[in-house]
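Residue numbers (the numbering used here), protein chains in the order written: chain D, 1 to 228; chain R, 229 to 456; chain E, 457 to 692; chain Y, 693 to 928.
Keep in mind the hints are simulated off the structure, nothing from the lab.
There's no promise every hint is true.
Stated by the list, open to error - Derived lysine-lysine pairs resembling DSS-like cross-links, with alpha carbons at most 25 angstroms apart:
1) D/78 x Y/852
2) D/77 x Y/852
3) E/616 x R/306
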Amino acid sequence: MTAHEGVGWSRDEMAERAAMDIPDGAYVNLGIGIPELVATHVPEGREFIYHTENGLLGMGPSPEPGGGEPELINAGKKRVTAVPGAAYFHHADSFAMIRGGHLDLCVLGALQVSHDGDLANWSTGGPDAIPAVGGAMDLVAGVKTVFVITQHTTKDGTPKLVEACTYPLTSPGVVDRIFTNLAVIDVTDEGFQLVQLAPGASYEMVASKTDAPIKPMSENPAREGTTP
Amino acid sequence: MTAHEGVGWSRDEMAERAAMDIPDGAYVNLGIGIPELVATHVPEGREFIYHTENGLLGMGPSPEPGGGEPELINAGKKRVTAVPGAAYFHHADSFAMIRGGHLDLCVLGALQVSHDGDLANWSTGGPDAIPAVGGAMDLVAGVKTVFVITQHTTKDGTPKLVEACTYPLTSPGVVDRIFTNLAVIDVTDEGFQLVQLAPGASYEMVASKTDAPIKPMSENPAREGTTP
Amino acid sequence: MIDKRIGTPAEAVADIPDGATVMIGGFGEAGSPIELIHALIDRGARDLTVVNNNTGSGEVGLAALIKERRVARMICSYPRTANSTVFPELYRNDEIELELVPQGTLAERIRAGGAGIPAFYTPTSVGTPLSEGKEHRRFDGREYVLEHGLTADFSLIKAKVSDRHGNLIFNKTARNFAPVMAMAGRTTVVQADAVVDAGDLDPECIVTPGIFVQRVVEVTEPLQESELVAQGVSYP
Amino acid sequence: MIDKRIGTPAEAVADIPDGATVMIGGFGEAGSPIELIHALIDRGARDLTVVNNNTGSGEVGLAALIKERRVARMICSYPRTANSTVFPELYRNDEIELELVPQGTLAERIRAGGAGIPAFYTPTSVGTPLSEGKEHRRFDGREYVLEHGLTADFSLIKAKVSDRHGNLIFNKTARNFAPVMAMAGRTTVVQADAVVDAGDLDPECIVTPGIFVQRVVEVTEPLQESELVAQGVSYP
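Model the full assembly from the supplied sequences, consistent with the hints where possible.
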């Protein structure tokens, strides 16, 4: 049930595609995992300022392997750098930025996204799972635009884009746009709206791997490729 | 009705007497007026750190007349200095210190103090008065020990220590000790308790100028001169 | 490239409309963005709600804005100070509205507004006329009053140095309300004594990170309110 | 003379009793006051409630405190991280209690506790299992949940430099929770890489003013958690 060879975007291409939709000058928070790769794909002529919730605005690229400092890390606890114009601050100020609506955009991973924009990305709710929420609930509650980057399905082919999340929610109704290995999809008032297909992917393929209705591009061509 | 010549403490002596009751190492906020004079009377061997609510911990003495800077001022908007070890911070952090119970002591002026410890020091409530509260309500709500320095009566002889305040309250039940030109008086669970008489003042004089019962020292000699 | 610099105070306040809520930094004259306030007077916006700890002094800066009848309503803690005559006169004549807020509650309401906190409980003002009609509630046996976050359409503040990202440092007790007002303003306009390049400020010492700032104007030798008042200057 | 210096980590934590609530700074290893935590292990206090963003890694620092069964209850946002095995095992065996709090709510609850705010409303966690059973309320048409301030008997934090008054500066992202925990601890104990005289720090750059600090211990070359974990070190 995995995507065919040569079909769709790689993790890196998904991140690159998401970066294309971030406006110049945006203040951006990147979640752990594929979202972290977005930082390596700033489109020509644009400048983003990356926020990491553990107290740094102006996060720069990873240091050389083996380099960096243990007290200069990102939210994923990986070593990072700081760009000229960076600022350090404490956790309450950092989440004041988030909760107060000062960040333009965040890019998060997902376990499930519903066609109402509900996001589940912190817990499978399993009896043996150690619940761990971090800053995800704060980010979706406060950041103006929420992007999700995720594989279109789990490894065993189960759709992650669904009518209703079965996992515990991170927040209801918060996701604006989803970047998967197969497509770019908006969450609209009428549910999922296909915005763009990955190379080799078809509407039928995307629809068959999505557990909720999804409108093809032709029904709403004006939206294609726009930034929410 | 004013105090007799040679009787009682001057404004400066009242401030000096109050300073004697501030423990070594205390973090102290001084209100506008006579309380400001306390800063000039730090007893030998003690170190106090003065907080001014407009964003400075470690306020130092006034600069030379004509000196100082317009952007280094105290809560009374007078020019001050900063001591070695001082720190600047913003208003929300400053009042977090106050409201959060981090200041040991404040010294405030008063219009009236009741024998329950109610303080009125921000408004006469008159129809033409411009109400102005500043930080007084925050200070008495948050600071551990509240001292009041005030003349024992108004200029026309009306008592300022009363059974019930007639002016709008700053807060009910907050005053611990009062330093007047005639006496040092504690506010106890049983009302006013005389702690010390100023030179030339008698219990009868103090009692006659106080509009509430006041216990003489002999009833509770152990309290004399102690710090609350 | 991110560059928040704007050429003049006039351009920086050109879109402040009638009826706007405007936070203005400063505690007395310390931190008062006097050139931005004068530009706002020139701009002509009326019916403003202004948040400031005081009401200005003399007939310059905030006092001049009030004197020109641009302010319908003041939210402040201490509307009378030395040389403050403009506000008292209008207030006694019922020509300006006043919401009196304890200073710490004012600072916390502004921070809350900027931090996405709609309301909080505080012990300050319980048992006084200033908490009358407000919701009270006990926590752990003590009484508190509910207060609401404050936000503004525009915040006008003064900094010592800004970089092109809007990262700010301040001068001594001129810092006062500026950092929290920067958080609470949907558009925060800064006048800075100096504007430098990104990276020129120590990232450990930045007080207000640039995310809270939208516009920066360099005003290299700002007027000092007390000097103007001493000279009897009246603006405009 | 005000001098908050204490000779050793052991002396600095010698009065932490059984059953205490202890806030411990750090986000992962960055800012973790590892020498103070090890001193707390040596001290032997049990039945602690510990507030930290995580639960430590390997078998040193916070993870070692948990492994020694000193922690009855953790309040944190993210109890599993790389090399975090101690907490998960105890949690699955019902040997430790967990209060899971969103990271921003945790930071704000700690700040509120330190600022004398008993409770506040936040949009975070509305519509999720983490707000179940909590009071909800609408402001301006949006739903919020009531959260309470957090205080601690002791806060243990790490700073880069302290002066003898307890004024602190931090190192990069090791700052994280330390400033708010310093506010919320009735007794705040700091381990600093260096302790200097009053006046040696720039008063404009002090992050935590000394009023929030009660004790300072100099630990000139602090252990680094990730190095110890890589070496397979287990404390004690």
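Now the hints, each set against the structure:
At most 25 angstroms may separate the alpha-carbon atoms for a hinted pair to count; residue 78 of chain D and residue 852 of chain Y meet this at roughly 21 angstroms. A C-alpha spacing of about 19 angstroms is found between residue 77 of chain D and residue 852 of chain Y, which places the hinted pair at or below 25 angstroms, so the restraint holds. Distance restraint check for residue 616 of chain E and residue 306 of chain R: the Cα-Cα separation of roughly 21 angstroms lies within the 25 angstroms cut-off, and the hinted pair is therefore satisfied.
Comparing the model with each earlier hint shows no violations; every hint is respected.
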